[in-house]
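Chains as they are written, first to last, in numbering that gives the first Met the number 0: chain A, 0 to 122; chain B, 0 to 349.
Treat the hints as calculated values from the structure; they're not laboratory data. The structure presented is a predicted model; accordingly, all values stated were derived computationally and were not measured. Don't be surprised by glycine CBs; every beta carbon is placed ideally from N, CA and C. Warning: the hint list may mix true and false statements.
Taking beta-carbon pairs under 8 angstroms as the criterion, some of the chain A residues facing chain B (in silico) [said to hold, decoys possible]:
hint, residue
1, Ser-43
2, Gly-44
3, Val-46
4, Ile-53
5, Pro-77
6, Glu-78
7, Ile-82
8, Glu-84
9, Thr-86
10, Glu-96
11, Val-98
12, Leu-102
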Amino acid sequence: MFQSSAILITFPGCPTPAEARVFLREFETLLSQSYRAQIVFDMSGVVQLDAAGIDLLLTCITRVASHDAELKLAAASPETDLILELTQLNGVVEVFESVEAALESFDGHLTMEVARRDLTSAA
Amino acid sequence: MELGTIILTGATGLKTAGRRLPDASATGNSNASQNNHPVALWDVLGKSVLQRKVEQLRHAGAQLISIASSQVGGSLEEYAEQWEKAFFDLVRSGAERVLIVSAGIYSEVDIDDFVRFHLAGGSQVSNVLDDEGPLGISLIEAKCADRDLCSFRNRLAAFSSCSSSYEFKGYCNRLTGPSDYRTLVRDALWGRCQLKPDGREVYPRVWCADGARVSASAQIFGPAYVGSRARVRAGTLIAPGTAIEQRAEVDCGTVVENSSILPRTYLGPGLHVSQSIVSGSRLVHLGRNLDVELAATGLLGRTGPSTSLRVLEGLSSLLGSFGNGSSVGASTSSRSPASVDWARSNGFFD
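Same shape as in the complex, but just chain A (with noise of 0.2 angstroms):
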């Protein structure tokens, strides 16, 4: 069954190596589900990204670009952004300010049904 709702998802900033695996698979599984996948990683909880999420959200980001699906990242942290900045990974990914004008930059955005996911606890 494939799904056209955008999905918000909790990014989690500084995963352990199982947190990132769970996290990982049922990324994939979601992405393998839906057509063209509208993703909001939703960074608000997010201190400051270690280097295991810069690797997970590396990851993440070739994975959705596998999918042909498309992802964007709300309320980062200034550290979180700072970070992305350096990584260069804000010119990869768009980065919104708040979760709303991540969602409403998505086409259709008015008529598109969210569903937030936490993938950490999927396990």
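Start from chain A and add chain B according to the hints.
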């Protein structure tokens, strides 16, 4: 005439000659205390302000130089005792007058002219001032120290009330924090002050110190500085206003613009550093007014390749899978992180 000199480098302010001598942390530079170094000890194009002061004073004929410092967290009283002891030591060594200079302020005061002014005025104490207040330079007659320490403090306070003021109109930077530090670096690079980079001008407004290693494929746009034994690797872009201080290393494909990379700092590959001061894993972004510790990211630090290399590899594979000019998931236009291709496509390579 024997001129003794005390240079104050401490992290606390100090009242002397009736004037407050501000230095880095006393004027709100939290970063100085966090790094356990006042700004005066940070390298500015190869040498610290302190080193430059010592050289200037020696050039001006000061024979006896004592440096009074205090550890971060030390009390004002301890600091005062330190420089007072230095004052007495200089007087016992034969100094007729003692010049007290705060290294926490960079100024281009002509010391010879100031000494002449002091001698002509006949005051016991003279201070240098500009429009914004004292510049942390005082000249005190040795006669003030002919009694015990307690008496000296009292007498100094008394003399301060009738001290003479030398008005300075030249270049001054109070180095109150990272922003002032960067201003000094930029002013020096653009030739707006007398501070000269410690190195050879290899291209117009591009200076390299001895032992600097710059890859043939790196691009440097002046004014910029590469310090002693610093390393700038392949595909790197050094944009105007940048100083790579001694033994720092900028890894492949990284872009550094309008920033200072302090000694022994390693920047990983594929990064974009702008408007920042980086010391080890600590980054102060002046544009965002952020001071962050990034050790956990592995992007920068003091040794070895890191997360940024993995980011670069990951993005390379991503971009490779999409080919040139494609967008990623209809997000913003994609480009490799500071890659050679990006630099080339933007005309940075000849």
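Each hint, compared with the structure:
1. Against a cut-off of 8 angstroms between C-beta atoms, the interface hint on Ser-43/A is violated, since the closest Cβ of chain B lies about 18 angstroms away.
2. Annotation: interface hint on Gly-44/A violated; nearest CB of chain B at approximately 16 angstroms, more than 8 angstroms.
3. Hint status for Val-46/A relative to chain B: violated, with the closest Cβ pair at about 10 angstroms, above 8 angstroms.
4. Annotation: Ile-53/A was flagged as interfacial toward chain B, and the flag holds, the nearest CB pair being 5 angstroms apart, inside 8 angstroms.
5. The restraint placing Pro-77/A at the interface with chain B holds, with a minimum CB-CB distance near 6 angstroms, inside the 8 angstroms limit.
6. Interface restraint check: Glu-78/A against chain B, minimum CB-CB distance 5 angstroms, threshold 8 angstroms, status holds.
7. Satisfaction of the interface hint for Ile-82/A is found here, the shortest Cβ-Cβ separation to chain B being roughly 6 angstroms, below the 8 angstroms cut-off.
8. Interface hint status for Glu-84/A: upheld, as the beta-carbon distance to the closest one in chain B is roughly 6 angstroms, under 8 angstroms.
9. Satisfaction of the interface hint for Thr-86/A is found here, the shortest Cβ-Cβ separation to chain B being roughly 5 angstroms, below the 8 angstroms cut-off.
10. Interface restraint check: Glu-96/A against chain B, minimum CB-CB distance 14 angstroms, threshold 8 angstroms, status violated.
11. The criterion of a C-beta within 8 angstroms of any C-beta in chain B is not met by Val-98/A, whose closest approach is roughly 16 angstroms, and the hint is violated.
12. Evaluation of the Leu-102/A hint against chain B yields a violated restraint, the C-beta minimum of about 14 angstroms exceeding 8 angstroms.
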